[in-house]
Amino acid sequence: MRAARALAAAGLALAFTLGLSGCGEEQHVTVYQQGKYKGKPDSPPWDSPQWGGKEAQWEQAINRRTLNQSEYTRAGQGG
Amino acid sequence: MARMKFICDVNRCIECNGCVTACKNANDVPWGVNRRRVVTINDGVPGERSVSVACMHCSDAPCMAVCPVDCFFRQEDGVVLHDKDLCIGCGYCFYACPFGAPQFPQAGAFGLRGKMDKCTFCSGGPETNNSAEEFAKYGANRIAEGKLPACAEMCSTKALLGGDGDVIADIYRQRVFVRGKGSEVWGWATAYGPPKGQPAPAPQPGGKS
Chain A
1 MRAARALAAA
11 GLALAFTLGL
21 SGCGEEQHVT
31 VYQQGKYKGK
41 PDSPPWDSPQ
51 WGGKEAQWEQ
61 AINRRTLNQS
71 EYTRAGQGG
Chain B
1 MARMKFICDV
11 NRCIECNGCV
21 TACKNANDVP
31 WGVNRRRVVT
41 INDGVPGERS
51 VSVACMHCSD
61 APCMAVCPVD
71 CFFRQEDGVV
81 LHDKDLCIGC
91 GYCFYACPFG
101 APQFPQAGAF
111 GLRGKMDKCT
121 FCSGGPETNN
131 SAEEFAKYGA
141 NRIAEGKLPA
151 CAEMCSTKAL
161 LGGDGDVIAD
171 IYRQRVFVRG
181 KGSEVWGWAT
191 AYGPPKGQPA
201 PAPQPGGKS
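Sequence lines, in order, name chains A and B.
Residue numbering for the first sequence follows the working numbering, starting at 1 and increasing by one per position.
Residue numbering for the second sequence follows the working numbering, starting at 1 and increasing by one per position.
Okay, chain A solo, but in the shape it has when bound:
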């Protein structure tokens, strides 16, 4: 009889504890993480027969084209 009572008390205590744990505050906000590119690797633009891996030459060509967009520079008016 005593043992049954003790068992019932223990069961009640356990149910009480488990019930209370349901009221606990937990972080429900998902933590977003930036993914990492999973595709094929790309080669840099200077990696071609035209440039032969010479980055400086490619950059010079691009720079010249970029500067050519300014008519002030082209016409020599504005420096």
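Don't read these hints as lab results, they were simulated from the structure.
Keep in mind the model is a prediction, meaning the values are calculated, not measured.
Each residue gets a CB set at the ideal place from its N, CA and C atoms; glycine is no exception.
Just so you know, not all the hints are guaranteed correct.
Unchecked claim - Partner residues aside, some chain B positions facing chain A, computed with beta carbon under 8 Å:
#1 ALA2
#2 PRO30
#3 VAL33
#4 LEU81
#5 ASP85
#6 GLY89
#7 LYS147
#8 ILE168
Given the coordinates of chain A, assemble chain B onto it according to the supplied hints.
Leaving out everything else, chain B in the frame of chain A:
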């Protein structure tokens, strides 16, 4: 290393759609896909303004952040590209992009499976530079040829500038300085910062607005 950017000078754009045509032609873009388009504000009203819009190759690209298969990558020169073999055509990037750059073709060489297509800054994609595969999937790789994007190079009024962000910001800054207005349009100092050791030139008084 250059950081590739576009700037469209809205005081120069005449809505000729030359950039759109150049892009379509250079990259063999199919019907229904517009990598670049010209948007006009207050169309028909005196003082209307047009701006050529495409992928802006954002430094913190939202498309890249939302892609569930992580098919986006950023090249060393800042150009945002994606791997079409990995793209599942879900459309998240379209919703995330503030410029409406991602396009989803329904048919044709670019998208039998509805894979996303967008401006590549004429940089091709993750295939061998200037190969047939690269052209079929991503279009021309003019950058690997030492050229700038076709849209910018074709622009008749040079409203659309493409290239290293610092250099084209300098070009735009010089225009603003010469005509005495326009710095308020793009806020280049905000975007790119003033040149080192030199304060940003203020708009000249008396300039037309």
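Are there hints from earlier that the structure breaks, and if so, what are their numbers? The structure conflicts with hints 2, 3, 6, although it agrees with all the remaining ones.
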